[in-house]
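Asker: If you read the sequences in order, they're chains A and B. The opening residue of the first sequence carries number 0 in numbering that gives the first Met the number 0; numbering runs sequentially from there. The opening residue of the second sequence carries number 0 in numbering that gives the first Met the number 0; numbering runs sequentially from there.
Be aware that one or more of the hints could be misleading.
Label-pair restraints from in silico Cβ distances [what the hints assert, rightly or not]:
1. V352(A) x A35(B): 23 to 33 Å
2. Y19(B) x D344(A): 49 to 59 Å
3. E12(B) x Y553(A): 14 to 24 Å
4. Y520(A) x V27(B): 39 to 49 Å
5. Y553(A) x Y19(B): 27 to 37 Å
6. T376(A) x A35(B): 36 to 46 Å
7. V27(B) x Q197(A): 31 to 41 Å
8. Y392(A) x G38(B): 42 to 52 Å
9. V27(B) x V181(A): 21 to 31 Å
10. T16(B) x T438(A): 13 to 23 Å
11. S67(A) x G38(B): 40 to 50 Å
12. Y392(A) x E12(B): 49 to 59 Å
Heads up, simulated DSBU-like pairs for lysine-lysine below, C-alpha to C-alpha not over 35 Å straight-line [stated by the list, open to error]:
13. K324(A) x K360(A)
14. K360(A) x K311(A)
15. K311(A) x K324(A)
16. K324(A) x K370(A)
17. K113(A) x K20(B)
18. K108(A) x K24(A)
19. K108(A) x K20(B)
20. K229(A) x K24(A)
21. K20(B) x K370(A)
22. K178(A) x K229(A)
23. K178(A) x K311(A)
24. K20(B) x K178(A)
A short list of chain A residues far from chain B (calculated; beta carbon distances all over 10 Å) [said to hold, decoys possible]:
25. M70
26. S262
27. V547
It should be emphasised that the hints constitute simulated quantities derived from the structure, not laboratory data. Note that the Cβ used here is the ideal one computed from N, Cα and C, for glycine as well.
Residues per chain, in single letters:
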Amino acid sequence: MRHLDWAVVVAYLAYVIWDGIRLSKDSGDPESFFLANRSLPWWAVGLSVMATQMSAITLVGTTGQAYSDGMRFIQFYYGLPLAMIILCVTVVPFFTRARVFTAYEYLEKRFDAKTRSLTSFCFLMSRGLGVGVIIAAPSVVLSIVLGWSELVTIFVIGLTTTFYTMFGGVRAVTWTDVKQMVLIFFGLFVCIFVIVSQFPPTVSITDGLHLAGALGKLETIDTSFDLSEKYTIWTGMIAATFLFLSYFGCDQSQVQRFLTAKSVGQGRTSLLMSAFLKIPMQFFILLIGIFVFVFYQFVAPPMIFNAVEANKLQQSAQYAPLQQKYDAAHAARSQAALAYAENRDEQNRAAYVAAHTDFAKTRVEATELVKSTTGATNFNDVNYIFPTFVVTYMPIGILGLIIAAIMAAAMSSISSELNALATASTIDFYRRFFRPEATSAEFVRFGRFATLVWGIFACIVATYATNLGSLIEVVNKFGSFFYGSLLGVFVLAIGVRRARGRGAFFGIMFGIASVWITSLYTNIEFLWFNVVGCVVTVVAGYLISLTVTDEPGYEVPAN
Amino acid sequence: MDEIPKKPAPADELPDTWWYKVYAAVMVTTVVVILALWGFTNYFSG
Numbered sequence: 000m001r002h003l004d005w006a007v008v009v010a011y012l013a014y015v016i017w018d019g020i021r022l023s024k025d026s027g028d029p030e031s032f033f034l035a036n037r038s039l040p041w042w043a044v045g046l047s048v049m050a051t052q053m054s055a056i057t058l059v060g061t062t063g064q065a066y067s068d069g070m071r072f073i074q075f076y077y078g079l080p081l082a083m084i085i086l087c088v089t090v091v092p093f094f095t096r097a098r099v100f101t102a103y104e105y106l107e108k109r110f111d112a113k114t115r116s117l118t119s120f121c122f123l124m125s126r127g128l129g130v131g132v133i134i135a136a137p138s139v140v141l142s143i144v145l146g147w148s149e150l151v152t153i154f155v156i157g158l159t160t161t162f163y164t165m166f167g168g169v170r171a172v173t174w175t176d177v178k179q180m181v182l183i184f185f186g187l188f189v190c191i192f193v194i195v196s197q198f199p200p201t202v203s204i205t206d207g208l209h210l211a212g213a214l215g216k217l218e219t220i221d222t223s224f225d226l227s228e229k230y231t232i233w234t235g236m237i238a239a240t241f242l243f244l245s246y247f248g249c250d251q252s253q254v255q256r257f258l259t260a261k262s263v264g265q266g267r268t269s270l271l272m273s274a275f276l277k278i279p280m281q282f283f284i285l286l287i288g289i290f291v292f293v294f295y296q297f298v299a300p301p302m303i304f305n306a307v308e309a310n311k312l313q314q315s316a317q318y319a320p321l322q323q324k325y326d327a328a329h330a331a332r333s334q335a336a337l338a339y340a341e342n343r344d345e346q347n348r349a350a351y352v353a354a355h356t357d358f359a360k361t362r363v364e365a366t367e368l369v370k371s372t373t374g375a376t377n378f379n380d381v382n383y384i385f386p387t388f389v390v391t392y393m394p395i396g397i398l399g400l401i402i403a404a405i406m407a408a409a410m411s412s413i414s415s416e417l418n419a420l421a422t423a424s425t426i427d428f429y430r431r432f433f434r435p436e437a438t439s440a441e442f443v444r445f446g447r448f449a450t451l452v453w454g455i456f457a458c459i460v461a462t463y464a465t466n467l468g469s470l471i472e473v474v475n476k477f478g479s480f481f482y483g484s485l486l487g488v489f490v491l492a493i494g495v496r497r498a499r500g501r502g503a504f505f506g507i508m509f510g511i512a513s514v515w516i517t518s519l520y521t522n523i524e525f526l527w528f529n530v531v532g533c534v535v536t537v538v539a540g541y542l543i544s545l546t547v548t549d550e551p552g553y554e555v556p557a558n
Numbered sequence: 000m001d002e003i004p005k006k007p008a009p010a011d012e013l014p015d016t017w018w019y020k021v022y023a024a025v026m027v028t029t030v031v032v033i034l035a036l037w038g039f040t041n042y043f044s045g
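Extracted from the complex, chain A is given alone in its bound form:
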């Protein structure tokens, strides 16, 4: 990175801190600090919803995934519009009209305090660990490409975000999310323009897409019904719909976004904004990965994108001959790609596919060599592809812009989640059990303190997560254990009139246990865990509720 790039990154970090402090003036009471006085316009809330969901690893990982596996990942989002409509009909009016601060507060009104506390506690645990991973994942990548230590990267991203979230509350989170989304979109548009401009003069964008298409990189629909397959139209339309219902409708980090909207209508519109834009946006991000792939048809990509592991590999005796083989395979593929771009006949296509297969084999050999020399059996450098490309080929100034955009993607997710963790800690525990009589100022003070504590906790988790690769998997699995059951308990609350507190509480337990058993004894992809957890929670919760005899005069609380 050159001075101008560093200046762009530093200017971005300084701006978000200044902006957070500037917005802290209007956050002196809990309605304001946690919910921005329920006064935000739909477009700001909508952008914040999208920014919260799109973490840096989504941005970096998705482009890398498109490079290595094509566009299949887009199917994951096909169920999102339906999920958003269901949420607009159900939870948005329920939560907004109930005037709650947290989603779990509503569960006490409907069921009892223990159900509220259990769900809020599950949220705090899974999100507290999850936000650590959200900091860790881009920090590992950025530390390598920027040459910083992991610790410095973690604390720069984590503490900067904690700082402005702590002072500015949800208003600062939302308005910085809006600006960060603008920065991300601008960065991505510039990025795609720069990549395409670096194609060989004889290769057009259409040629590039035909090259990717010939290798099956542009598959956007897979109709095979295989529960062990992660990305098919069925996982997207069914399993991911359950995940999105749970994430956008029951996870406080998203529920808090639409609770800040001016009205039910504005909350609905903010979610429908994602319903309209998410699939095209994801397509656009994947397309960047595809264009990086096309670019590397004509410029030799590194054999291993993770520079640290690549350096270790160079010590191996097998490295030099493998690199020679890799270079030769790339040269052959490059020739074949040019020939196919010039004349798209079957013969050139077959030659190009064969050359790519040879090239891909040498890359697999290199990956296997890394695994055998370092002992990292789950080694995967997909997340390093896009940052490596950016650092190597982006012009001066643009590089700083893209790095700032990646940081913005990380910080926009972290800030919303820290704010939601602080809100749940304050409202569901501090106010509910410890200091119900506290003044408004005390609640805000505690909210700020909770933000700081969760921020530091997340940074500490992040330092461990970088060393223990499997922790990321553990945290993701822990989240999926809980999401389906959480959705199930809200289905019971809103949709099952006979449901009672005892049924809801034990229904969650059964739901979590069923997912745990499913993960142990089947090879079903984790997205389906959300379906299992939800169905078991609803069925078990309903059956247990039938055993409850209501007190005389009991009435189901009105929603």
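Since the structure of chain A is provided, determine the placement of chain B on it from the hints.
Answerer: Chain B in isolation, oriented as in the chain A frame:
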């Protein structure tokens, strides 16, 4: 427990029938987008 003052909810100005049309528009758009993606795949992969 409700020490924090809460402001009353503003009236939602649009009727449900209007929202149902919006939801239908979202679903139609989604189907069109997925079909467009399918066309994109077929055009460039064929």
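Asker: Each of the hints needs a verdict: does it hold here or not?
Answerer: Comparing the hints with the structure gives:
no., hint, result
1, V352(A) x A35(B): 23 to 33 Å, "holds (26 Å)"
2, Y19(B) x D344(A): 49 to 59 Å, "holds (51 Å)"
3, E12(B) x Y553(A): 14 to 24 Å, "violated (35 Å)"
4, Y520(A) x V27(B): 39 to 49 Å, "holds (41 Å)"
5, Y553(A) x Y19(B): 27 to 37 Å, "holds (34 Å)"
6, T376(A) x A35(B): 36 to 46 Å, "holds (40 Å)"
7, V27(B) x Q197(A): 31 to 41 Å, "holds (38 Å)"
8, Y392(A) x G38(B): 42 to 52 Å, "violated (31 Å)"
9, V27(B) x V181(A): 21 to 31 Å, "holds (29 Å)"
10, T16(B) x T438(A): 13 to 23 Å, "violated (45 Å)"
11, S67(A) x G38(B): 40 to 50 Å, "violated (24 Å)"
12, Y392(A) x E12(B): 49 to 59 Å, "holds (51 Å)"
13, K324(A) x K360(A), "holds (10 Å)"
14, K360(A) x K311(A), "holds (21 Å)"
15, K311(A) x K324(A), "holds (19 Å)"
16, K324(A) x K370(A), "holds (19 Å)"
17, K113(A) x K20(B), "violated (40 Å)"
18, K108(A) x K24(A), "holds (33 Å)"
19, K108(A) x K20(B), "holds (32 Å)"
20, K229(A) x K24(A), "violated (46 Å)"
21, K20(B) x K370(A), "violated (54 Å)"
22, K178(A) x K229(A), "holds (33 Å)"
23, K178(A) x K311(A), "violated (40 Å)"
24, K20(B) x K178(A), "holds (31 Å)"
25, M70, "violated (8 Å)"
26, S262, "violated (5 Å)"
27, V547, "holds (24 Å)"
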